[in-house]
Amino acid sequence: MVGAAEEAQLNRLESQVDNGGGGVWEYLCLVRKLKARRSEKVLKHGLSILNDPKSRSRLGGDEWTLYEQVAIAAMDCQWLDVAKDCIATLSKKFTGSLRVGRLEAMLLEAKGAWADAEKAYARLLEDNPLDQAMHKRKVAMAKAQGNISAAVDFLNKYLEIFMADHDAWRELAEIYVSLQMYKQAAFCYEELILSQPTVPLYHLAYAEVLYTMGGLENLQAAKKYYASTINLTGGKNTRALYGVCLVRYPGYFTHGFSPS
Amino acid sequence: MGVGFVVGVLGCAILVHAAYSTIQYRGVLKIVEEEFSGPPMNVVAELLLGLALCMWAGLAVPTKFLSILPDSEENRIVSLPANLDFMIFNHRGKVLPTNTELKLKVQDF
Chain A
1 MVGAAEEAQL NRLESQVDNG GGGVWEYLCL VRKLKARRSE KVLKHGLSIL NDPKSRSRLG
61 GDEWTLYEQV AIAAMDCQWL DVAKDCIATL SKKFTGSLRV GRLEAMLLEA KGAWADAEKA
121 YARLLEDNPL DQAMHKRKVA MAKAQGNISA AVDFLNKYLE IFMADHDAWR ELAEIYVSLQ
181 MYKQAAFCYE ELILSQPTVP LYHLAYAEVL YTMGGLENLQ AAKKYYASTI NLTGGKNTRA
241 LYGVCLVRYP GYFTHGFSPS
Chain B
1 MGVGFVVGVL GCAILVHAAY STIQYRGVLK IVEEEFSGPP MNVVAELLLG LALCMWAGLA
61 VPTKFLSILP DSEENRIVSL PANLDFMIFN HRGKVLPTNT ELKLKVQDF
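Each protein sequence line maps, in turn, to chains A and B. Per our numbering: the first sequence = residues 1 to 260. Per our numbering: the second sequence = residues 1 to 109.
It is worth saying that the hints were derived from the structure and are not from the lab. Warning: the hint list may mix true and false statements.
[Unchecked claim] Part of the chain A face toward chain B, derived, beta carbon under 10 Å:
1) LYS44
2) ARG137
3) ARG170
Using N, Cα and C, we set each Cβ at its ideal position, and we do this for glycine too.
Please model the complete structure; the sequences and the hints are all you need to start from.
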């Protein structure tokens, strides 16, 4: 959940770091905390720290986390050599580690070697059958190969075991919306709102799905959820405000009221 | 910040002094062999004064209070984190030109 002040701080640090001012480690920590996907910047500035032995030694134990972060950013930017080097360094330090094994399998995924990545994940899952991140990577791989129905199956099976994982519920809801299965998407958003009722963006997404489904009751429910989003964001969320205006409009045709 | 700090120290000193006078008052009562019902009025007044000073210092010394309302300007949730567990790598960024100069230098341990 990225608050407004945190986002402003992230942007400020980003512009500061881009213009050569200090604070690179602070920026990287903030990106990691907020789980933002700024792969190019992370890669550029992370490499600048890792290539400089003085600043690397200053990090102490945190340098391995930085290696992991830079490896994932490199895979995202398709700089596979850098990723391979980072992972090699990590596996030299932590041999036989599950986390490093996962990174290696992710590298295979990034290369596009789907069969090898499957085999790697299957092997890792044999030793650790209840590792959440591994199951999620299987879902991501199915999604990347375009096999959306398999991704949905995997995700449903995962959610039967780990019912409290709201990231997975959110992913499932987005997949259902992309498949236009709005009732199921609405169910997923309901689960999300149940577990985290104070996050306004879930209310907003639920309201949008209800509005898309149409029908009188859904529109009235959508109006309520747009209103609760406005309530939770202090009236600053433009999309929710617009949603409340839009939901009033079809009422003219269903009730025959004069515009009031 | 300096004034608030001094006021806080003064408030604590007044409270300590009130405690000391209560202990002395109890000693006097033991000599006179009366029941200890409560501290004398001036000690109570001193306690209230110490309370007021400490409270004022407690509010004045910290520079800026953090906002706790979820819909305040700083705390309102602007975006959700980018679901990195399900991140996929075969996006359009693959065809962007890569800068082959930047590499990870070989580390010696």
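Hint numbers not upheld by this structure, sorted from lowest to highest:
Every hint satisfied by this model.
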